[in-house]
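Q: What follows is each chain in one-letter form.
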Amino acid sequence: MKKAVMPFAIVVLLALVPYVAVEFAGLGFVFGVIVPYLAIAVFLIGFTYRIIDWAKSPVPFRIPTTCGQEKSLDWIRPNRLESPSNFFEAVARVFSEVLFFRSLFRNTKAEMHDGPKLAYGSSKWLWIAGLAFHWSMLVVVLRHYRFFIEKVPGFVTLLEDFDGILDVTLPALYLTDVLLLGAVTFLVLRRFRDVKVRLISIPADYFPLFLLLGIAVVGVLMRYIVKVDVMSVKDLMINLVHFNLTLPEGIGALFYVHLFLVCVFAMYFPFSKLMHMGGVFMSPTRNLVNNSRRKRHVNPWNPDIRIRTYAEYEDEFREKMNKANLPVEKK
Amino acid sequence: MPKFAPKQSELKKELEEKPSLLKGNYPDEELFDTPVEFRDGNWCYPAKPEIVEEIGFPNPRKWAPTDDDWKLPEGWEKTIKDGMKDRLERFRPFKLFLDTCVRCGACADKCHFFLGTGDPKNMPVARAELIRSVYRNDFPLAEKILTGFAGARKLTPEVIKEWHMYFHQCTECRRCSVFCPFGIDTAEITMMGRELLNLIGVNNNWILGPVANCNRTGNHLGIEPHTFVQNVESLAEDIEDLTGVAVNPTFNRKGAEVLFITPSGDVFADPGVYTMMGYLLLFEHIGLDYTISTYASEGGNFGFFTSNEMAKKLNAKMYHEAERLGVKWILGGECGHMWRVVHQYMDTMNGPADFLEVPVSPITGTKFSNAASTKMVHIAEFTADLIRHEKLKLDPKRNDHLTTTFHDSCNVARGMGMFEEPRYILNNVCNTFHEMPENTIREQTFCCGSGSGINTEEYMDIRLRGGFPRANAVRHVQETHDVNSLVCICAIDRATLTPLMNYWNPGVSVYGLHELVGNALVMEGENKRTEDLREDPMAGFEDEEENED
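So the protein sequences, as listed, match chains R and X. In case it helps, our numbering puts the first sequence at residues 1430 to 1760. In case it helps, our numbering puts the second sequence at residues 15 to 563.
Just chain X, with the same shape it has in the complex:
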């Protein structure tokens, strides 16, 4: 059991029995009556002063959310108010979403954090009210005459504490915005909230640390070039040991046709590394002319969770490196928020990428006209096209030891609209795919509970609650279809669904989609396969040999 996890029996009891809004027996309190309480497991460590200095963010200092005094900088109220005004002028969504909400409550029970914590302030509408209440205070005269009429309140340190708490209990997953009659997207509010907090040094080490790393070394984990290469090569060796096939990835190679970029978690973190092995096998299988960069060695973008400017700065490396290496186009690995940025932000922030060509699959000749401007293709689009053109030799029976379900990553689902490609691939590489209940998949998918830079150990209590709706839906297919494998297309999912499953649904393992592709690929000149990429025995393969004899 992780250190900061709540006792399961107690959490279950709390969810079942504690009076709550969800059950309708919540005591008659007002929204802002209850002050925030920071306790073990519900706050992320603040950024270390040296990290804050390294990336040039304000107010580096030692502090903790449990302190009474957060050592906010002199004049912080003005900084926040000016920052808000500036953002209202630059971001129509922010302004519009503060103004148009009618508090109809359609979003209230759509948030995974609300469902898992029962905390009223986790209703998306309430989360936005945290900022809205301060925004409304811009009309002090009206407020004086009709106190409380528009729910305005003063900006106090208590408000900042609330913001810090609840803008870290939002993973910018956009599920609420699916249901809102005005399309109000709490992710937009949370992004602005976090930008404002960072202006006064209220921050999160798990976000700013990776940002600093990514800026310096090219990836969140701070891996230097030689180590990065070593790791990928050791995965290549594992592949060779297992399959007898040599895959030979190249690094920083000029003149390659394709630059491949994936989250660094795939290179270093279990079980992401098996997905990486899947990519390497796939590229070898089709003879793709590709290279991996150690400088742009991160698909993810934790800058996206701090400020627009930082998101742009980190994202810029992709085009910068693609131009230097002279590749034709970029292929992107499985990741959620990476694809939110690539799909909806990259071209705007760092384009136009005129030095690249409209992506064309060298194997099938398919022109990816949907990526004609950004010139970056999602690996699931690429692989689905390969399968459609029968360019892959696949044996889905090799995944018969797994009974699978598929988790739509929030960003890919609601910030990109990719639902069919991964399902098409999954159905071609395994025989046992079962969907979770319809209110928990596709555009209604539930977040893993740890996205947007909160996937840190000390935040486990909140993460396990936030992930509860997802886990609960997996449990349903575990009980009804004996599902034991949760397949996803996101590096953060791979890292965070694992402890979530261990806690709520023991017996369910987490897989990347391309790990299953890697399992199913029949490689030229391969050894007889009896184990999958994890060296787990595959079902029925020993028997088959005997039968054939």
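Chain R extracted, bound-state conformation:
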């Protein structure tokens, strides 16, 4: 628990800063205009830098983790997804990870029983929560597109219709709001409750979870309870998109809390484990084709190594080789 205190305190503090600054110091322009631009810049430059930085290090060997039969003899059926034998199969493998978290789906839970006897049970909770969290987040982000463009595009309305299908509150309750909050809460609780995960967790694991929780809670508050002037918010966002640096009047301070936490999230992103978003595409154990014997992989820094040659070997053992009637190069 104590590893979660600092990140929690930081998030609370971060939430208070814009509230106080806008409500009492009139710094709306700073938090409504300057900080968002800064955040976007840091995110884009940072993210790009990290990807380039990874890409600069070569992949010296072709090392897919083969989780299925390789393509070998004609009559043996290869596993095209788990042991890809061409580029397209490898792409399919990466996308099965990105879209469906395939490896996480395999998750098991080991238990030690008397005997001693080990048993492995299916354990899909992390997979379900992870999937619910990431997909909800995607939908939520896409839904927000309506704030950045005059005419709301059809796909956003469609998403909203599906998302609000329950239609139990006014405005309609979004499923993804519930899923996102529920999944993030589960992921936090899991870090407290599962003793293995508690041990490996560091404050940097709790921070983004609390940050997201903060963003989502404030967002939900604004939508369902403490209403802010949505039209002004949209004006601000459209202004920002068009590099029009004017701040519309009358946006509630709560909005600035939401926006600032999002900005912090964006700025924190490139420097943290959140980069797994880019990394998952680049993982050499998943995105490489299992054809190392069929097609040579080139290592750009393949070192020149002086080996012990056969000639040196024969020089040392010639006498013994002769006695054993082994053929030799030099008599």
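No lab work stands behind these hints: they were computed from the structure. A few of these clues could be false.
[Unchecked claim] Straight line, CA to CA, 25 angstroms or less: simulated DMTMM-like cross-link-like pairs of lysine to aspartate or glutamate:
1. X:K62 / R:D1658
2. R:K1749 / R:D1733
3. R:K1702 / X:E43
4. R:K1432 / X:E103
5. R:K1759 / X:E337
6. R:K1431 / X:E472
7. R:K1749 / X:E238
8. R:K1485 / X:D475
9. X:K95 / X:E172
10. X:K268 / X:E337
11. R:K1752 / X:E247
12. R:K1538 / X:E449
13. R:K1702 / X:E103
14. X:K268 / R:E1745
15. R:K1432 / X:E337
16. R:K1546 / X:D475
17. X:K37 / R:E1745
18. R:K1432 / X:E44
19. X:K542 / X:E176
20. R:K1485 / X:E103
21. X:K381 / R:E1518
22. R:K1760 / X:D96
23. X:K95 / R:D1733
24. X:K135 / X:E44
25. X:K32 / R:D1623
[Unchecked claim] Label pairs and their calculated CB-CB ranges:
26. R:H1542 / X:K17: 15 to 21 angstroms
27. R:H1542 / X:T544: 41 to 47 angstroms
28. R:V1585 / X:H448: 52 to 58 angstroms
29. X:K99 / R:S1525: 31 to 37 angstroms
This structure is a prediction, so every number in the text was calculated from the model and none was measured. Built from N, CA and C at the ideal position, the CB exists for glycine as well.
The hints should help you fit chain X onto chain R, whose structure is shown.
A: Here is chain X on its own, set in the frame of chain R:
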């Protein structure tokens, strides 16, 4: 009972009763709170100074992990940090795997060492944190403001001790990487960890000794050419005594079609030698034009457990010898890490082997296009193809005295993807194959607990714990199907599963796949067979004779 083995009753009690992460009742401690403790059975002897000198590795000296002062060289911190920086630039996997972990914990209970020791630092994520925590310390300013936020720590001798302990409690088996949503492979981390340790002379005699031997004599065991030949020939004599069939292996013969390379353990170690007898019988049966080299007399590659450069140096002999002898292609015996290197590294390190031809089976005409570039074929692929084309006369009843199960070697499973060929062969040479539970085979197979150069006697305590999940799965089929034979395709497995079975599952013996092939092969002009290659009586053969009368 081996000298360094824990008392079985005590270990059982510990596994069942000691509070642990696995049971969820572990005391509320932090990961790095507990210092490492070296005691009998949990450390490998350090490399002898003369061996370190022979292979040109740094910091030769006399020392032991139990010493307070490990006599690290002057400026070792800089050596490690520079070494790390250099490797981050050369190995994308290393960098990416340090950066992308989200500590979701999916890998935590997948490691055989974690399951067998309960030690938190054996969770793969924690093992990587041992290096990650030092790597993060590259941002000292952020760390000063938010102490502990990113879990960074200083590089101290204590950290090196931890690295030494836990990068030898990882057998680079890749099981964790199967479950990781980002494909993070702890083997990559461990390889880098061990490379870094070797830079400051923190090493393992059981690895560096074989490396030096292999470099000089051609094989890990340090067998000189004449002795190597003598041993194979004595196996040929045993075959002749047993079957009446003369097999005549040749050595260093130029112009042979195929160069056969297998781990030297098959030539010298019990029960590997019976697998070797199986190969010799098979080659005789089909009349293969092959030769064995005394110079490239090692399939395994302990260099792989020290550094990339050393792995390349030792591996280079295969192509070097194949070129000198003018063979068409190379056939490789049963081995785990040998095939990891051959499949995923050899062509990159020492290819292209343009002087060889795309392998074609001279018996069936099958072209092994999956080995079109590396030109090296796995014996299981080769034999499966022979059986498929009905080129072998097999009598699976000759293995009826064995009830078998199959152990997928980690490297062949997760570093190559060969699952079906050995099963196809096994089903054709015996009638009694039973799979272990599904979470313990194929891509989820458990390591023998002694791979990656830790199969030394003084490490027995850790080995028996690390092998516990494998043994436990064997026990399951032993109880449910009366399995008494554990079949594998790896020389280290053959050597290490034997004591593991003796300890956890007495009554189960370890066999190489081609030993069973050798048992089942009906050779032309053979004597009446009543015993298998181990001279154990075969079931039902005396009776059959009587019935026929």
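Q: A separate judgement is required for each hint: does it hold in the structure or not?
A: The hints, checked one at a time:
no.: 1; hint: X:K62 / R:D1658; in the structure: violated, 76 angstroms
no.: 2; hint: R:K1749 / R:D1733; in the structure: violated, 31 angstroms
no.: 3; hint: R:K1702 / X:E43; in the structure: holds, 24 angstroms
no.: 4; hint: R:K1432 / X:E103; in the structure: violated, 32 angstroms
no.: 5; hint: R:K1759 / X:E337; in the structure: holds, 17 angstroms
no.: 6; hint: R:K1431 / X:E472; in the structure: violated, 40 angstroms
no.: 7; hint: R:K1749 / X:E238; in the structure: holds, 8 angstroms
no.: 8; hint: R:K1485 / X:D475; in the structure: violated, 42 angstroms
no.: 9; hint: X:K95 / X:E172; in the structure: holds, 16 angstroms
no.: 10; hint: X:K268 / X:E337; in the structure: holds, 10 angstroms
no.: 11; hint: R:K1752 / X:E247; in the structure: holds, 15 angstroms
no.: 12; hint: R:K1538 / X:E449; in the structure: holds, 21 angstroms
no.: 13; hint: R:K1702 / X:E103; in the structure: holds, 19 angstroms
no.: 14; hint: X:K268 / R:E1745; in the structure: holds, 20 angstroms
no.: 15; hint: R:K1432 / X:E337; in the structure: violated, 60 angstroms
no.: 16; hint: R:K1546 / X:D475; in the structure: holds, 19 angstroms
no.: 17; hint: X:K37 / R:E1745; in the structure: violated, 58 angstroms
no.: 18; hint: R:K1432 / X:E44; in the structure: holds, 10 angstroms
no.: 19; hint: X:K542 / X:E176; in the structure: violated, 58 angstroms
no.: 20; hint: R:K1485 / X:E103; in the structure: holds, 7 angstroms
no.: 21; hint: X:K381 / R:E1518; in the structure: holds, 23 angstroms
no.: 22; hint: R:K1760 / X:D96; in the structure: violated, 48 angstroms
no.: 23; hint: X:K95 / R:D1733; in the structure: holds, 24 angstroms
no.: 24; hint: X:K135 / X:E44; in the structure: holds, 11 angstroms
no.: 25; hint: X:K32 / R:D1623; in the structure: holds, 18 angstroms
no.: 26; hint: R:H1542 / X:K17: 15 to 21 angstroms; in the structure: violated, 30 angstroms
no.: 27; hint: R:H1542 / X:T544: 41 to 47 angstroms; in the structure: holds, 43 angstroms
no.: 28; hint: R:V1585 / X:H448: 52 to 58 angstroms; in the structure: holds, 57 angstroms
no.: 29; hint: X:K99 / R:S1525: 31 to 37 angstroms; in the structure: holds, 34 angstroms
Of the numbered hints listed earlier, those contradicted by the structure are 1, 2, 4, 6, 8, 15, 17, 19, 22, 26.
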